[in-house]
Amino acid sequence: MEYPQVNENPGEMVVSISGLNKWFGDLHVLKNIDLEVAKGERIVIAGPSGSGKSTLIRCINFLEKYQQGEIVVNGITLTDDHKTIEEVRREVGMVFQGFNLFPHLTILENCTLGPIRGFKLNKEKASQTAMHFLEKVNIPEQANKYPGQLSGGQQQRVAIARSLCMNPDVMLFDEPTSALDPEMVKEVLDIMVDLAKEGMTMLCVTHEMGFAKEVADRVIFMDKGQIVEQNKPVEFFTNPQHERTKLFLKQIL
Amino acid sequence: MLELTTLLSFGDNGWGDELLKGLGVTLVLAFATVPFALIFSFLVAWVKECPNRPLRIVGNIYTTVFRSLPEILTLIIIYYQLQSFINSLTSAIMPNFSVSISPFAAGMVALTLVYSALGCEIVRAAYRAVGKGQVEAAYSVSLSRSNAFFYVILPQMWQHMLPAFGNLWLLLLKGTSLVSIIALNDIVRYTNMAIATTKEPFFFYSVLALVFVLLAFISGKAQTAIEKRANGNMVRER
Amino acid sequence: MLTHLTDNLDIWTLGFCNTVSLTVLSFIIAFVVAIPMGVARSHTGTLISKIIYGYIYVIRGTPLLVQIFLIYYGVGQFHSELKAVGLWWFFREGYYCGLLALTLNSIAYQAEIVRGAVMAIPHSLEEAGASISLSRMKIYRFVHIPIAIARMMPALGNEFVLLLKASSLVSVISVEDVLGQARYLFSETLDLSVFYVAAINYLIIVLVAEAVMRKLEARNTWLALR
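Residue numbers (numbering that gives the first Met the number 0), protein chains in the order written: chain P, 0 to 252; chain G, 0 to 237; chain F, 0 to 225.
Some hints could be false.
What the hints assert, rightly or not - What the simulated footprint calls covered on chain F by chain G, stretch by stretch (three residues with Cβ under 8 Å from a Cβ of chain G suffice, anywhere in the stretch; the number is not a length): (1) 70-77; (2) 85-94; (3) 189-195.
Said to hold, decoys possible - Which chain G residues face chain F? A few, computed with CB under 8 Å, are given here: (4) F30; (5) V33; (6) L37; (7) Q80; (8) V206; (9) A215; (10) I217.
Treat the hints as calculated values from the structure; they're not laboratory data. Quick caveat, the model's predicted, so the values are computed rather than measured. Virtual Cβ for every residue (Gly too), placed ideally from N, Cα, C.
From just these sequences and the hints, can you work out the full model?
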């Protein structure tokens, strides 16, 4: 199944990474990564654990420092200046494996904290936006509950809504379904599919190959800190080029 | 026994009013120290976690020294050293002029140093308990570092810190008794004065002990109430 | 500063010995008493557990300084009675009174430590022990007690350091411990640096005690691995 490309301006790059290198002490975790993400593009990053895929997307909103290379997000070049980092983070939404909702705030407050404190939106406007996105993820009735009162799947949907409230140009998903009980995976994936349909630019680190087949424009396979190969999903799954990719697909499918 | 209780009456014959006055001084000292000890706890915790290595070493020396020295020794050193330091300062500017530092001020400084060295570990433990994921989530919704701390991290830290700080408050309350040694007219010193006149040490020290037990009891009740309020709307993960 | 140390070496040595002996003696005596108390306290709900809790509550709620005063001056008030029962030799000595106060104080804290360790013993291990046909006594001897001791170790080390610091308070009843000697020398010389010499004494004892504790705890790394 193919979704229509919503990209009106195919040449425009939302994220471009060039020559990215990162070390944890002596460990070389990202090796010369080059990656261009066009507006509206849906990318799935796959690979064995420890291959650096999470680290890669965490570099994009500077949750991880890197030693070499350049990352440009929506025309803003990342530096270690706090102002620039905050600006970039406004353009980039992130969904974590462990949800990371703020347990002391209600669902609604979780969604409005960023807009109110981060870019000084007034409270009413922020609440309106938040309710809009909570409806979108099908849990507007939970708005005044606390995260601890929700199931894992609900929490992760709130986390998606929280990111969307900042009106980001790109969404990063860091294994969003790995910490969920199996019966809750679908409700989160459905939301992600909806987002993809609407043309959101997405970078997903995930083991859900069904999701990759359904929505991805491109699947990237990483191993040992390198991008080993990347291709359209059909090509990637039916005709993998690299030995390591073949081995990985054999193990996972 | 009747004869003994009249010793606690208010007025010329009894020591009740003096003891109450002393209790007031003790409590004021304890309450006055709290905000400073709290702020220093956070400061020292921050210093011990900061990326600057020399600063971290300074923080570690601070906590090692003030946790190793007996509180009373810290108090004596602060009292006399501060005195002589100020004297040498003023005599350089204005000879024949001497300022004396009050035992109260010395007590506040010493207690702040001692209890912030303990308190900073509480702060650090609470910061760790909140977890890195919360900081990252806060950053990911584009909060600045200070907003992330004040709106996301700190509110969650209280829950972890309150029990330990309650404990520290009890230590502080008891610690104020030491200031009687450098001649602050707190409840312990007034008790000693009463004993010097009446020659009834067993009775008066028992009363004194009872007062402290009572303070501990009240503190415990207050702590439970505060913790209940702080955790009231926060439902932990299932 | 150093001349204070070298000129009065005998005074400092006596102070050092008194501080160390007071701390070590009261710590060991308190530990011996705290074991049955802590075990009894772990059976919550019993009368004896409540009485022990009351004792702990009072000791922890009052300053050690007041406890020392109460024993030395308060009990000392009854010297004729004490003479009659033949205990006056004990209560007239600041050293013994200090020792008693420190011991009574530390019993309360150590009993709580023992209780915590006893209550943390996993009872599933009884079944495991029985399944490899160990007798009840052997399960205690080889399973429960080693685990309890390993669990108590850090808290006990902490308590030892606290007790060492607390021991300095006996100087107010004219015991010649490190701080007592420092205060004596200060009254003689009016030189503040004697207090810094005292501070170094305490720092050294604490750092040595902590190093020893780290060595002992290093044998229990399995605790952290669980």
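Taking the hints in turn, this is what the structure says about them:
no., hint, verdict
1, 70-77, "holds (count 6)"
2, 85-94, "violated (count 0)"
3, 189-195, "holds (count 3)"
4, F30, "violated (17 Å)"
5, V33, "violated (18 Å)"
6, L37, "violated (22 Å)"
7, Q80, "holds (6 Å)"
8, V206, "violated (10 Å)"
9, A215, "holds (3 Å)"
10, I217, "violated (10 Å)"
In the structure shown, a violation is registered for the earlier hints numbered 2, 4, 5, 6, 8 and 10, in ascending order.
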